[in-house]
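Visitor: These protein sequences, in sequence, are chains A and B.
The numbers in our numbering rise by one with no breaks, and the one at position 17 of the first sequence is 17.
The numbers in our numbering rise by one with no breaks, and the one at position 31 of the second sequence is 1031.
Source of the hints: derived by calculation from the structure; they are not laboratory data.
Please note that the accuracy of each hint is not assured.
[What the hints assert, rightly or not] Computed cross-link-like contacts, EDC-like style, restricted to lysine to aspartate or glutamate with a CA-CA straight-line distance of at most 20 Å:
(1) K1054/B / E127/A
(2) K54/A / E89/A
(3) K16/A / E36/A
(4) K1109/B / D44/A
(5) K109/A / D1074/B
What follows is each chain in one-letter form.
2 protein chains.
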Amino acid sequence: MTAHTIGRLARAADVKVPTIRFYEQIGLLPEPDRTESDRRVYQDDAVRRLAFIKHARQLGFPIEAIRTLLDLADNPDRTCEDANALAQEQLSAVETKIAQLEALRAELKRMVAAGCDGLAGDCRVIETLADHSLCAQEHAAPERLAPA
Amino acid sequence: MTAHTIGRLARAADVKVPTIRFYEQIGLLPEPDRTESDRRVYQDDAVRRLAFIKHARQLGFPIEAIRTLLDLADNPDRTCEDANALAQEQLSAVETKIAQLEALRAELKRMVAAGCDGLAGDCRVIETLADHSLCAQEHAAPERLAPA
DNA sequence: CTGGATCCTCTAGTCGCTAGAGGATCAAGC
DNA sequence: GCTTGATCCTCTAGCGACTAGAGGATCCAG
């Protein structure tokens, strides 16, 4: 039953301070008590709730799914069909994504293997990009990679 | 040597009209000629350039990389080291991503397999989310999945 | 000559944070 | 008591790569 500052909470859950304020703003974390000087004061349950959120994010669940999941965790007397459905959905999304990335990997490997040492005019990488018909298979990356 | 409206260009390259205007705005596509009534007029080279961009995006290259790649394609007398390096970088990013997603998939499979039919209080999905120590391996999704 | 498609510019929204400005407060050392 | 540096506060804006929508002009087929 220890009280935590936002900084301590952040360290405890390995999350950045502004992220906590952001989660509060969008209603994933409840508004905590405040000191007289308006500083947030958290209890241990906040650490658990934040860890839950962090873990779900690591597993790739979008915020709105986490909202549902938290709701279920808060109400253990409700049926958990939604949780199962969300997990299944997430699994499908991950599997789709892996398949797409494997197609990309194959294409990129071909590009890299054919890479040239000379002039851009003869570069297989650039040529491959210019002409989709050179590709062995269909591929499409739905979003950016290598974010940080 | 046909002239195209923006709509025709969009259909030719299978890209949305606002995306073309966006690419122009950020300087990936040059500003085209205009009709008297200010409508954009494109030549065939714009179709090729846009196809190049689209293909590179499909392969997951970020815009800034594509800028470099286009630069090289525009200057065939320059060396193509950069193109090779970018392709290699992109390949590494894809491989990292695949590895992460495979760890996620394993974790999600475990969650789904243990899924319950009953109450949220007994739900293995929620329990797994609440307690990272239940996880078989490390995992971390660097970004969202299933975008569209 | 009319009506629906297409075009124009501009602004704001998406997602999940992250960074920074500008200022208040706290805790530790002297 | 005083200073200093860490931490806290709110607020706004930015990231990437678009996408959506408002409000209006223009084009073309029938």
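Visitor: Does each hint hold? Answer for all of them.
Guide: Hint check:
no.	hint	in the structure
1	K1054/B / E127/A	holds (14 Å)
2	K54/A / E89/A	holds (19 Å)
3	K16/A / E36/A	violated (24 Å)
4	K1109/B / D44/A	violated (30 Å)
5	K109/A / D1074/B	violated (24 Å)
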